[in-house]
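There are 2 protein chains.
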Amino acid sequence: MALVVMKFGGSSVADAEKIKRVAGRVISKQKEGNKVVVVVSAPGDMTDDLITMAEGVTDAPQDREMDMLLATGEQVSIALLAMAISHMGKKAISLTGPQAGIHADSTHTKARITKIVPTKVKNELKRGNIVIVAGFQGLNPIADITTLGRGGSDLTAVALAAALKADTCEIYTDVEGVYTTDPRVVSDARKIEMISYDEMLEMAGSGAQVMQARSIEVGKKYSVDIHVRSTFSPKEGTIITSEEKIHARRPKMEDVVVSAVTFDRNQAKLSIIDVADKPGTAARLFKELAKVGINVDMIIQSAPQDKANDISITINKADLKKALHALNKVKHELKASDIIYDDNVAKVSVVGVGMRSHPGVAARMFGVLSDESINIDMISTSEIIISCTIKNSEVNKAVAALHKEFGLNK
Amino acid sequence: MALVVMKFGGSSVADAEKIKRVAGRVISKQKEGNKVVVVVSAPGDMTDDLITMAEGVTDAPQDREMDMLLATGEQVSIALLAMAISHMGKKAISLTGPQAGIHADSTHTKARITKIVPTKVKNELKRGNIVIVAGFQGLNPIADITTLGRGGSDLTAVALAAALKADTCEIYTDVEGVYTTDPRVVSDARKIEMISYDEMLEMAGSGAQVMQARSIEVGKKYSVDIHVRSTFSPKEGTIITSEEKIHARRPKMEDVVVSAVTFDRNQAKLSIIDVADKPGTAARLFKELAKVGINVDMIIQSAPQDKANDISITINKADLKKALHALNKVKHELKASDIIYDDNVAKVSVVGVGMRSHPGVAARMFGVLSDESINIDMISTSEIIISCTIKNSEVNKAVAALHKEFGLNK
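Protein chains in written order, with our numbering: chain P, 72 to 481; chain V, 72 to 481.
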């Protein structure tokens, strides 16, 4: 008898009808002969509603109290789903994150899971229950509720699947799986049947919004097969798994050079001009950005002429104002002559483990972009990804051309 | 430094403005030099909204899941109130019932508190926090959330005050205290300054709706002074305490014969006619009513003529249909000739510990009712209460006359 963890997001449990539909889907999974654990998020807009309530009493809620407040959303979902399943004649029991043995650290509003002790989950499974667990929440060492931040419910599902040694972890979402690129941009984008953890991690980091990197990392670490699929369709989605498993199932996969083309339109480029070429300069600069919580994506330092050089970085566009403020504070100290920015840039990437054994992918990528008369600004590469920043307005053209070049439409 | 437990009901925390007002009141109490623990109910209509959501998925929700669902209401309140207090510059922390160490039995939706281990509450008080505890909820022996049923938040407050050996437990409500009778019926009803636990228990059992008997019982058992007062006014309300304390403070109180006049319009009378006068008959009858959960209030058995007699009882009007059904099932077995009912009856009572030392109260009561041409149907008496059933339409007249007769308007 297989053990399956199913995760449903907030839009899947937004109202009574949707909750009943999820209940039906969960029961089918059990009828197929599986033990089933379900992880759910807060219903629909509930989290937003709770945040609005908090804003009504204070403009600076403490993180601990925010967690206390927001954790109620998932608790509502689990109770209602357990009721709906029981109503349809199957045994179900709801467990909060703490009851399910999900321990987390004390970083309120963005805690990390420290360990899972799923004794109660296992016992309830043994009793024949479908076990419904609140996503997004855990218990810290002093028995306070902490929430896991963005993508927290996915993380609960994957980590719980790891702790239970589940056969698979199914993430139900509003898309049918992971695509070779965004179907809204390239109409002949194809659903990918299987993709490796590493490729998925690079995709998440380069603009694909299917899953957050942290859940994929846990999946990789504990070898959990993650099946991303649609809430609204019975079709198989995409399985995120190890390269070994993919190779075992589909030996020909090694012929695939590039698995997906991704893009991120929310980039901004910052250049610090004529920085003193001294040890510690870069450290000083990035420390200042880290202090205000800015994630730096690409970094390029130009070859020094005489004794000064330029440092260019890309960041999330939303952080631009904060970053400019931080950099202007150290401009004088770094002896920089100017700080310039461009918030009209995008990043286009090709991702694929096949690159490791197929040289020349970068050359092909640059060639395609050149043929399309697209100017490449910054370039960064790692083992299985090549990224270029280009003008925002040229994203669609670039993605379509790259998708075709690497045969992803076939 | 005194320790005060303050309890606010759902209407006091129904929206952001009201929550801020409660926060202000709590902070004032701390500024007066008290350590403060606050117990709150779910905001306004939230419990009803949650019940409606449950009804959307099933017409027979399991009690355990209902508790899981409903407990979120108080959790929302405590988080918001903690935020509001912090916003006003004072340290506050919220605790769920389980976190506050409130242990209960497993009777979901109407659990009883089994013990309170308020270690966390005490620690947070030591740290200078105003501690905000979710009312209405506890943790059962298998670490499930159970709710305490009607009046549950009052019970949490009184029991917590007992466990913490608090100096007083303040119950904030929408009335200004306990009155000599309902001011809506008798305009010169007066607020009672102090009343004994026993009198308050009799009042709760005979129609006064200020507090549920269970909270008063716990208050009496652990000698907790309960101060019932208004959320909307700074005036002192009514202190429910021991007879000894009342006597110590107000030696002349012994002259008070009757403390209050109460009434209950929701009564129904049932008579089982010509029941066989055999041992076990009454037992059989009441067992049948108990089986369907009906609380019997007054019981009168008429003196037997030959070998049969009549048994009359009063019950809550809402239970009438259920009671008739139950009694008709045993009618034949009991050889009863008929079962008749009257759902147009009310109960009027006079309550007062002074009755113990002042004989003749019953005679005065019957005399007053007779002077008003009010017919008395059933009578029941115990040490400190005398109750009569009368016609529903004569309640106002009876209450006004009794209130005057016993000098309660002075």
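It is possible that part of the hints are untrue.
Since the list gives no way to pick one copy over another, a pair counts as held whenever it fits inside one copy or between any two copies.
Unchecked claim - Lysine to any residue pairs mimicking SDA-like chemistry, simulated, CA-CA at most 25 Å apart:
#1 K162 - I213
#2 K316 - I450
#3 K191 - D134
#4 K191 - S82
#5 K392 - I365
#6 K392 - N463
#7 K193 - T178
#8 K89 - G276
#9 K162 - A131
#10 K162 - H179
#11 K402 - L121
#12 K191 - E476
#13 K191 - G172
#14 K406 - G425
#15 K462 - H179
In short, the hints are calculated from the structure, not lab data.
Here the structure is a predicted model, which means the values were calculated and not measured.
Okay, the hints, checked on the actual structure:
no., hint, result
1, K162 - I213, "between (33 Å within a copy, 18 Å between copies)"
2, K316 - I450, "neither (32 Å within a copy, 84 Å between copies)"
3, K191 - D134, "between (28 Å within a copy, 19 Å between copies)"
4, K191 - S82, "neither (27 Å within a copy, 37 Å between copies)"
5, K392 - I365, "within (11 Å within a copy, 68 Å between copies)"
6, K392 - N463, "within (19 Å within a copy, 73 Å between copies)"
7, K193 - T178, "between (28 Å within a copy, 24 Å between copies)"
8, K89 - G276, "neither (31 Å within a copy, 45 Å between copies)"
9, K162 - A131, "between (42 Å within a copy, 14 Å between copies)"
10, K162 - H179, "between (34 Å within a copy, 17 Å between copies)"
11, K402 - L121, "neither (41 Å within a copy, 55 Å between copies)"
12, K191 - E476, "neither (52 Å within a copy, 64 Å between copies)"
13, K191 - G172, "both (7 Å within a copy, 21 Å between copies)"
14, K406 - G425, "neither (44 Å within a copy, 91 Å between copies)"
15, K462 - H179, "neither (38 Å within a copy, 61 Å between copies)"
Of the numbered hints stated above, those contradicted by the structure are hints 2, 4, 8, 11, 12, 14, 15, listed in ascending order.
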